[in-house]
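K.L.:
This is what each chain is made of:
2 protein chains.
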Amino acid sequence: MSSVSNAFYAQSGGVTAVINASACGLFSELKKNKKKINKIYAGKNGIVGALNEEIIDISKINKSDLNNLYFTPAGAFGSCRFKLNKNIESSEYTRLIEVFKLHNINYFFYNGGGDSADTCLKISRLAKKFNHKLQAIHIPKTIDNDLPFTDCSPGFGSVAKYISTSVFEATLDLKSMCSSSTKVFILEVMGRHAGWIAAAGQLPFHLHGLPIIVLLPEINFNQNSFLKKVKLMVKKYGYCSIVASEGIKNKNRFISESGLKDSFGHAQLGGLAPVLSDMVTKNLQFKCHWSVSDYLQRSARHLASQTDLDHAFSVGKEAAKYALAGENAVMPGIYRKSSKTYSWTIKKIPLAKVANKEKKLPKSFISKDQYNITKKCVDYLLPLIKGENFPKFVDGLPKYTILTNKIIKKKLNLWNK
Amino acid sequence: MSSVSNAFYAQSGGVTAVINASACGLFSELKKNKKKINKIYAGKNGIVGALNEEIIDISKINKSDLNNLYFTPAGAFGSCRFKLNKNIESSEYTRLIEVFKLHNINYFFYNGGGDSADTCLKISRLAKKFNHKLQAIHIPKTIDNDLPFTDCSPGFGSVAKYISTSVFEATLDLKSMCSSSTKVFILEVMGRHAGWIAAAGQLPFHLHGLPIIVLLPEINFNQNSFLKKVKLMVKKYGYCSIVASEGIKNKNRFISESGLKDSFGHAQLGGLAPVLSDMVTKNLQFKCHWSVSDYLQRSARHLASQTDLDHAFSVGKEAAKYALAGENAVMPGIYRKSSKTYSWTIKKIPLAKVANKEKKLPKSFISKDQYNITKKCVDYLLPLIKGENFPKFVDGLPKYTILTNKIIKKKLNLWNK
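Chains as they are written, first to last, in my numbering: chain W, 1 to 417; chain F, 1 to 417.
Hints may be right or wrong, so weigh each one.
It does not matter which identical chain is meant; a pair holds if it fits inside one copy or across any two.
[Stated by the list, open to error] In silico BS3-like pairs for lysine-lysine, Cα to Cα no more than 30 angstroms straight-line:
#	residue 1	residue 2
1	347	411
2	353	133
3	340	399
4	359	406
5	340	282
6	32	360
7	60	236
8	83	282
9	287	417
10	231	406
11	36	129
12	228	340
13	353	392
14	39	406
15	31	406
16	133	236
17	287	251
Note that these hints are calculated values from the structure, not bench results.
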């Protein structure tokens, strides 16, 4: 094996506003090391691109497009929801190693969340077994902010900024209307198991005194207590916004599944916000408005946080450094040195520690009455939403790069599972 | 009556990201004319503030707060959903004239949509009847863009920019995920009767070739034709976004009312997006994501259009000029001189022409297959979303002014309807 070989990068799972910034960080560092790195490849649609031998050669992309990926949301090379077989003996793994060997790939970078960290770890173990030299490095990414051992996850800061800004704006709207019309506004945000995003929605309460409460999946939802709280807030302020994690439950049953049926009587997953809106209107007779952010929140590059972009770029860059230094089965994590004047650094985390673990909101971040975040949580969140980095705009729309993602010539037969 | 008198301004109906910019334009012009204008007042919560004699003295607001209203969304003085009695003999009108006389108000500015134009017209007629000198000027505002005789309505350009950017971003997200997961994304936008906002959502298709279709309230919704179109788009592109006006109907029945029932069997207004999502999933077996913009779209000052802000500021300023020139029962409208290199001017429109009329999307703006906008529509929309004007940010959030809105001393007894 020559000392010069190729690197492979893939994006995995739900994408973010800043995942491409991690790719930029990675590529910039790899390009500096021409003695070790020849080609930089990206998988088309994540790890599936490796299985299908659908590989994009980064050097074929023009420079300005590549640089503009820093300003472009979502997964520019395509992502996937694909969990590799749990059984390491499965043909998927042999196929991956076959592709890596054939394309002289000795560096593997996987940009994803908890599941992807697990995949990355498996691939690293497998390479050893097949006697293929491979540096497998995980690059953290998830809007859910639920990865352990890292102070935060790239992607989260920008969602937090988007949601807190959106709630701020919508609550000012509500304030304008409340004297003769709508009194309650509900925003449903992502967060199936952890309430980090919803927590960020309460920042305008702590910074500007606007009446906003949160519903967190860490707390068992109680309808009576909730309605009492909303009534109290509207009595005190005249209006109230509610930021609700999609994943709130009452005794293991999702509130979003609360009994809506279609015309055939089939249970209907209509989202959480309309269920809460109905609850408030019927019980308290307050006019409600509601919104569901869904994809808008995690793709809103036009309002990305500079801190988040710095994190995303840095973990990409560090991942390259780790690989070139011979590290394996590790991930760069973000370590907070200070909150007051925010300072941070990157630290190395073994993947064996990270894989398949979730970090929820700690108890100390949730108020006693459970509808507010604490000062400690505010101090944690504020640095993460700081700083703006607007894309350029052309004809009134952001200038985003849309890659054609042509693949290189295949050398193998089609892959059959 | 002395030649110096007071001016009264009120915000009405659903608010926008730029309605306060109209207030800024109005105030700046009125302040130049100290010979005619003594105090500038604002009604607390719109016309209700006049009825209740809850009046804010603009001179009591500090200068930097007042200037920052240009960057602040929603109605800073409070708005209302309140329709004056149709019968001009009603006590509401006598009360209004009483308040105006007592506070020496000879200039009345009403910042709202079609209903407000009608209110403004009635007040102007009434003043004549009661022999009170009053210049009643309407300042146009509505995100719905449905006011007639003006090329567009201040407030719309910013929603159009927000929705087209959001659909652009979410469709890039969808593109990343479609190979192994979600294939359809649905965004529900405002527009009960007119499809202007939804139309703007299709701009990323025309500018960047992203697969996006629109559902407009001008078109009778046909489920089979819709599903056929979605299937075709997904076959061609691998994914498809749908921007749907909340008000789409099939034979006078809202699609959003399509048969959802709660656990007691009561009909449920769960929003349009989940109904469409259900339709696509059940019939085409495509995984769907959906979002409802609601208040977020009309309060998103962080992404306002500079063209829209220029319009909003100008109609406020022109309204002041009209009043000071002795005009009555008129509204400044926006007149487009050219689309190619966009140029526009303000023209005077008699309120009698405007009141209670709606402007829908013309047929020439809708494609034959009814799921696209035409080149003509694109040419109309593009100038309106052009230009950015970001607010300042403090601690990661936009710097918005939140007024305390203290009222001046009341001179009258409480108003009883």
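K.L.:
Next, verify each hint and record whether it holds.
P.N.:
Each hint, compared with the structure:
no., hint, in the structure
1, 347 with 411, "neither (38 angstroms within a copy, 68 angstroms between copies)"
2, 353 with 133, "within (22 angstroms within a copy, 78 angstroms between copies)"
3, 340 with 399, "between (35 angstroms within a copy, 21 angstroms between copies)"
4, 359 with 406, "neither (38 angstroms within a copy, 46 angstroms between copies)"
5, 340 with 282, "neither (44 angstroms within a copy, 51 angstroms between copies)"
6, 32 with 360, "neither (38 angstroms within a copy, 57 angstroms between copies)"
7, 60 with 236, "between (61 angstroms within a copy, 25 angstroms between copies)"
8, 83 with 282, "between (43 angstroms within a copy, 25 angstroms between copies)"
9, 287 with 417, "between (54 angstroms within a copy, 23 angstroms between copies)"
10, 231 with 406, "between (57 angstroms within a copy, 25 angstroms between copies)"
11, 36 with 129, "within (23 angstroms within a copy, 89 angstroms between copies)"
12, 228 with 340, "neither (36 angstroms within a copy, 56 angstroms between copies)"
13, 353 with 392, "neither (40 angstroms within a copy, 41 angstroms between copies)"
14, 39 with 406, "within (15 angstroms within a copy, 66 angstroms between copies)"
15, 31 with 406, "within (21 angstroms within a copy, 61 angstroms between copies)"
16, 133 with 236, "neither (65 angstroms within a copy, 41 angstroms between copies)"
17, 287 with 251, "both (28 angstroms within a copy, 28 angstroms between copies)"
Checked against the numbered hints given earlier, the structure breaks hints 1, 4, 5, 6, 12, 13 and 16 and satisfies all the rest.
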